[in-house]
Amino acid sequence: MAAGTTSIKPTQVVVPETPAELQRVPLVGNLRSFGWISNRVASLCEDKAPVWWWILFIPSALCLGMLLFMLSYQISTGVGVWGNRHPVMWAWDIVNFVWWIGIGHAGTLISAILFLLRQRWRTGVNRAAEAMTIFAVMCAGIYPAMHVGRVWYDWWLFPIPNANSIWPQFRSPLMWDVFAVSTYFTVSVLFWYMGLVPDLAVMRDRAKTRLRQFFYGLFALGWTGSNRHWSNYEKAYLILAGLSTPLVLSVHSIVSLDFSVSQLPGWHTTIFPPYFVAGAVFSGFGMVLTLLIPLRSIFKLEDLITMRHIDLMCKVTLATGSIVGYAYSMEFFIAWYSGNPNEQFHFLNRALGPYQWAWIPMVTCNVLVPQLFWFRAIRHNLFIVFIMSILVNVGMWFERFVIIVIGLHRDFLPSNWNYYHPTWVDIGTYVGTFGLFFTMFLLFIRFLPMIAISEVKGVTPQSDPHHPLGGAKVKEHTAQ
Amino acid sequence: MNGLSQQYGIVAEFTNAASVLHAAEKVRDAGFRKWDVFTPFPVHGMDRAMGLRNSKVGWFAFIGGVTGYTTGMLMIWYMNTFDYPIVIGGKPLFSPFSAFPPSYELTILFGAFGSLFGMLFLNRLPRLHHPLLKNKRFSLVTHDRFFVVIECTDPKYSENETRKLLENLGSRHIEVVEE
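Heads up: the sequence lines are chains A and B, in that order.
For the first sequence, the residue numbers in the numbering used here are 792 to 1271.
For the second sequence, the residue numbers in the numbering used here are -2 to 176.
In isolation and in its complexed conformation, chain A is listed as follows (with noise of 0.2 Å):
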């Protein structure tokens, strides 16, 4: 490939200068050339595996293998082997299910409505996140189809005609679940691979090997760059983007109506479906800085990922945080205005009942620990922020816990009440899914641009027609 110049040299063209109050931090560090943005982001999946890269596969694929043991052993056994016991007849495969879900939604987000809204930093980060997207709602999607315990049924889920010429039910809140996460799965995944066919086409067009070639042109579909085509890959994106965003803000409102129809307390409340989608987006902030922070060290994409990215970043997961917050004491202050007793006793169980330690690291980490990203010097220590990120992930996991099991352990009757434990297999299946989490992730980093190159390119100073860098005549300045 042609060596060309790694940064563009200012020198060799007039730049007016733009007034200081105008002056924005950059998005592309550097003044960095077409051709570098290509071979700095393409070199990843071309240089051979790095050491660190077969460390961290090796023990995710051992993990991904612990994955596949645990739910051939329940599927062989029966949902027995988990700790869901009445009246907590669900537990830690709900919590992990929604905990899941909800990591992917940060990936919607930024590739959708940042986009929608015009935020022109997204283009670094998206195509990381959309694929978290993806990894992380394969990694959901195991629990529903599992805890039905006999899953050879699973087909039942879908309106597929049967022996018994049953229909699914469609009043239930959790047959509009599997239209809405099979739904956001599938958009997510031609999203995603929308995004990257002008990428697979870099990728071949720099192939060394017959196999890459034959692969990245495969999928690369034939793009050649045409601005016919682009003409309708634009339209299309925006219309898949605008698809999209009525889409992320639907999936985690229905997973909270599955909670919220029904009637017990703590469930059942019309606050659920926008209180779960800010949670959503908070944690999905928290996995891709936490999965950003040390990848653009290792693989040098400061200039890709710079810090004002980062910035941005802890302020969605600071906003988010807020109106996470915000919904626990509204919660709080609707139990005990609704002058209902069992809603009352709900909530004071909550904080003070047998599941404390749950609640309070649920508070901490979601409401005070996201609130140090209103100072500017967090938000720009990569170390705290990698804490911080992954404490709004652990915080995420026992509001769920919180939710689910507190709900359930105590109900109306008090001959019901029970204290839940999790089995071996429930956490040897969490931990699993973290397996097939980095597993998919890491072969994404390995194999597929992991910055949207194409796009990346489109929003540097040089891409602009207008501007002086992009060849644009400057008018000489005439002193008034």
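Hints in this document: simulated from the structure, not taken from any laboratory.
These figures come from a predicted structure and were not determined experimentally.
Cβ coordinates follow ideal geometry from the N, Cα and C atoms, glycine included.
Careful, some of the hints might be misleading.
Claimed, not checked - Partial pick of chain A residues on the chain B-facing surface, computed with a CB cut under 10 Å:
| hint | residue |
| --- | --- |
| 1 | 826 |
| 2 | 950 |
| 3 | 962 |
| 4 | 967 |
| 5 | 984 |
| 6 | 995 |
| 7 | 1016 |
| 8 | 1022 |
| 9 | 1023 |
| 10 | 1026 |
| 11 | 1035 |
| 12 | 1037 |
| 13 | 1048 |
| 14 | 1255 |
| 15 | 1259 |
| 16 | 1261 |
Given the coordinates of chain A, assemble chain B onto it according to the supplied hints.
Just chain B now, kept in the frame of chain A:
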């Protein structure tokens, strides 16, 4: 080169966004029909410079969305009201409210299919074999170069004059690509 090989078109290379944009405006004004601009990323304002109309992808997505919503509502009505009605919790057999969430999801699903496959259809993709993809120099289009390609089948095409036009537009590298 044997005499049987046919020419596909003339390829002119440009090195920055502004020069290819101005070249496109000139080629458009010269009245060419079968030509295209190739860029590593969508260049802002290029559709207008080429005189392209608004993309028709929206229609595919719209028809997909309408189909999805109608399919959802009709399917749920047929299954739960007509083919095998079961009363559950005293709820009505069909309600547009409980049928809405799955229909809404199907609207999005079919709309997304319409938009992706509509885009591929309008672009006549996948097309793995293309004369330009065989050209070594042209592979820089996904790297950092910009190209204007005028096909030989264009009625206004003449090798010498078209080459002269592209040279005047500032292209430093011009070659004719075989079919």
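(request) Could you work out which earlier hints the structure fails to respect and list their numbers in ascending sequence? (result) none
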